[in-house]
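Please work from the sequences and hints to get the whole structure.
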Amino acid sequence: MRFKVGFAALIAVTAMGLSACGGKEPPPPPPVVDETTAAMPDADSVAAAELARMEAAASQICADARTAIANGDYDRARRLLEQVQRDYPGTECANSAGMLAEGVEAVMVIRERIHFEFDRSRITDEAAAVLQRKADVLRNYPNLSVTIEGHADERGSLEYNQALGQRRAESARSYLVNLGLSAGMFRTVSFGEERPIAQGSNESAWAENRRDEFVLPNTAALLQ
Amino acid sequence: MKALMTSKSIRLTALFLAVAATGPISAPVAAQEPGDVRIGITYTPGYLPGLVLTPVESGEGLEQVARDADAILRQDLDFSDRFEMIDIPGDFRAGDAVNYGLWNQLGAVWLVASQVSGSSAAPVLRVSLHDVVFGELKEVRAFSLPAVGSADFRMAVHRVSDQVVLWATGEPGIAATRIVFRRKGAEGASDVWIIDSDGNGLRRLTSDESIVYSPDLSPDGSHLLYVSYVSGGPVAYEKNLATGAVQTVSAEEGLNVTPVYSPDGNHILYARTEGDHTELFELQRNPICCGRRVTYTSVGETLNGGYSPDGRQLVMTSSPLGLPHIYVIPRQGRGEPRILSRYVYGERGYATSPDWSPRGDRIAYQAWIESSFQVVTVSPDGSDRRVLTSRGSNEDPSWAPDGRHLVFASTGRSGSAMLILDTVTGRVRNLTSGRIDQLPSWSGAL
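Going down the list, the sequences are from chains A and B. Each step along the first sequence adds one to the number in my numbering, with nothing skipped, and position 202 is 210. Each step along the second sequence adds one to the number in my numbering, with nothing skipped, and position 158 is 159.
There may be inaccurate statements among the hints.
As the list claims (entries may be wrong) - Some but not every residue of chain B turned toward chain A, in silico, with C-beta under 7 angstroms:
no.: 1; residue: Gly222
no.: 2; residue: Gly234
no.: 3; residue: Val236
no.: 4; residue: Val258
no.: 5; residue: Thr274
no.: 6; residue: Ser354
Said to hold, decoys possible - Okay, the calculated bits of chain A under chain B, using three or more residues with CB under 8 angstroms as the criterion:
no.: 7; region: 133 to 142
no.: 8; region: 191 to 198
no.: 9; region: 215 to 225
Treat the hints as calculated values from the structure; they're not laboratory data. It should be emphasised that the depicted structure is a prediction, and the values quoted were computed from it without experimental measurement. Where is the CB? At the ideal position from N, CA and C, for every residue including glycine.
Here's what the structure looks like:
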């Protein structure tokens with residue numbers, strides 16, 4: 009529920025075109041359409057009704073996409089925004105979906121995790137490619153602030169893993185700074201082994217948990 | 002081993018101990034091969050003198066005080082692991098209390114006799130220690146106790162127990178001590194808790210509903226250092242336990258971790274992020290000021306700092322060579338760090354979380370041995386390494402003020418527990434169990 013208010017505020021100050029698909033319910037057709045419909049022959053009336061139906065359906069998809077964004081389910085948001093552009097072209101929602109989809113894509117690139125080898129904070133080739141993609145996006149948003157969270161797997165001592173997590177966060181920051189981004193854009197924090205994303209005491213769980221997360225405290229700049 | 006695991010000691014099938022008898026550390030032993038430190042090989046039980054505690058006597062109306070004091074004294078003397086506790090014979094009569102012949106026959110070396118007098122609001126416990134072998138009174142003293150049921154009653158009796166231990170052995174007891182630790186709650190949140198060393202008096206000290214790390218009590222027990230994520234990242238705080246007031250110790254960007262008090266309570270040693278890695282810093286306390294960088298590792302992480310009991314040296318975890326090891330450095334000046342946790346063939350060489358014994362003669366830490374952590378002790382010169390545990394995972398050892406008991410967090414097939422190990426006899430007991438309790442830190446004498 010918290011998100012709803014925040015999101016409504018966000019929408020109010022952003023693209024006007026999006027405002028039509030803001031509500032939960034499909035908006036009632038504006039009075040002007042009614043007048044036109046009444047004066048139109050049947051075929052046009054059917055087309056107008058079809059148009060209204062398309063707008064309503066598209067509007068629902070936009071609403072769903074926004075809910076997905078609010079819940080952090082960017083994958084779903086992206087799918088919905090692609091769907092509305094493909095299936096309901098020309099609707100208000102579809103017209104504004106392109107920009108929003110770009111923002112979602114940017115958020116996804118920035119948030120993509122990187123992983124580390126056991127007891128290491130070295131940026132692997134795979135992680136370097138991920139960081140390069142982030143840098144390309146972040147360059148377009150110089151005022152954005154990103155929190156880099158370093159995490160460790162459950163092996164190792166609790167306290168040393170705090171230091172290892174910090175080193176992993178610092179490692180990503182300095183890599184991004186070397187790619188030309190401002191150090192001030194990033195805040196680092198280590199959660200040691202406190203927040204595993206994969207349960208279990210096996211190599212695949214450990215590998216998933218040895219990671220940096222990239223958290224955007226405020227996505228408004230990207231999702232307008 | 003069998004003989005020493007009798008009486009009330011808790012048998013732990015999940016954790017076997019291989020404890021060498023301590024004693025003068027005069028003959029350094031070469032670092033042992035892992036094969037030499039398997040189960041129960043170097044376990045040499047020492048001699049424990051027999052001790053009998055006759056039932057605490059009382060005047061009219063003080064029976065409950067006597068019963069309470071008796072139970073506490075009896076358990077404390079047992080938990081000191083200094084004595085073979087001798088059971089009171091079934092036909093014991095009060096007149097037998099100071100019957101040296103009877104107790105000598107039962108194997109007692111020490112006899113403790115006591116009476117409660119005064120009133121239940123202001124009871125007085127009079128305790129005498131007798132040398133049964135020589136048939137003489139060694140010590141006698143009257144102790145004023147707080148009213149029965151008051152919060153201080155148990156701790157006051159614990160101090161009496163520690164006095165008896167001191168009379169009989171010349172060494173400090175551990176009854177009047179507490180242990181702070183972190184307990185994990187639902188959904189990964191944790192708080193700092195405190196518990197008496199006998200397992201009583203469990204209570205929570207913080208309620209941040211966040212993540213906490215590394216609690217440490219001030220030498221007088223009045224303040225608590227700890228790390229909390231309540232503001233989003235790891236910040237070091239000090240809490241006044243009497244008033245509940247919390248002040249920030251260090252809140253630099255990055256880590257502010259592993260804070261500990263100096264032995265005199267006038268300084269705080271902790272680790273924080275310096276550039277892209279972690280170094281030790283020392284602060285003055287009262288008021289907190291004037292941070293001084295202590296280590297210049299430059300490569301690798303340095304944290305887990307601790308003081309030698311004389312405050313002249315520091316022990317720490319540092320990883321200049323990649324994996325963390327235990328090092329000792331002089332507290333002042335830029336002396337070359339000396340490595341204690343040597344590479345042992347077949348082990349990965351990962352050692353952290355050192356704690357310097359209050360007696361000064363041993364340093365305990367955790368080392369990665371055959372795919373889990375075990376508690377290891379070593380002499381401060383790096384000699385005489387002993388692996389004390391060999392089953393489950395055993396982490397974050399902390400010394401009692403007597404320099405022979407260790408508390409540590411243990412995880413095995415039967416779950417998690419905090420265990421107390423007597424490094425001389427190898428006896429182990431549960432301090433807590435069934436909860437995820439970690440990072441224990443033993444107080445000084447309270």
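Taking the hints in turn, this is what the structure says about them:
1. Gly222: At 23 angstroms from the nearest chain A Cβ, Gly222 (chain B) fails the 7 angstroms test, so the hint is violated.
2. Gly234: Holds. Min distance 4 angstroms.
3. Val236: violated, 11 angstroms
4. Val258: holds, 5 angstroms
5. Thr274: Given a least distance of 6 angstroms, the restraint on Thr274 (chain B) holds.
6. Ser354: holds, 5 angstroms
7. 133 to 142: violated (count 0)
8. 191 to 198: Check passed, 4 qualifying residues.
9. 215 to 225: violated (count 0)
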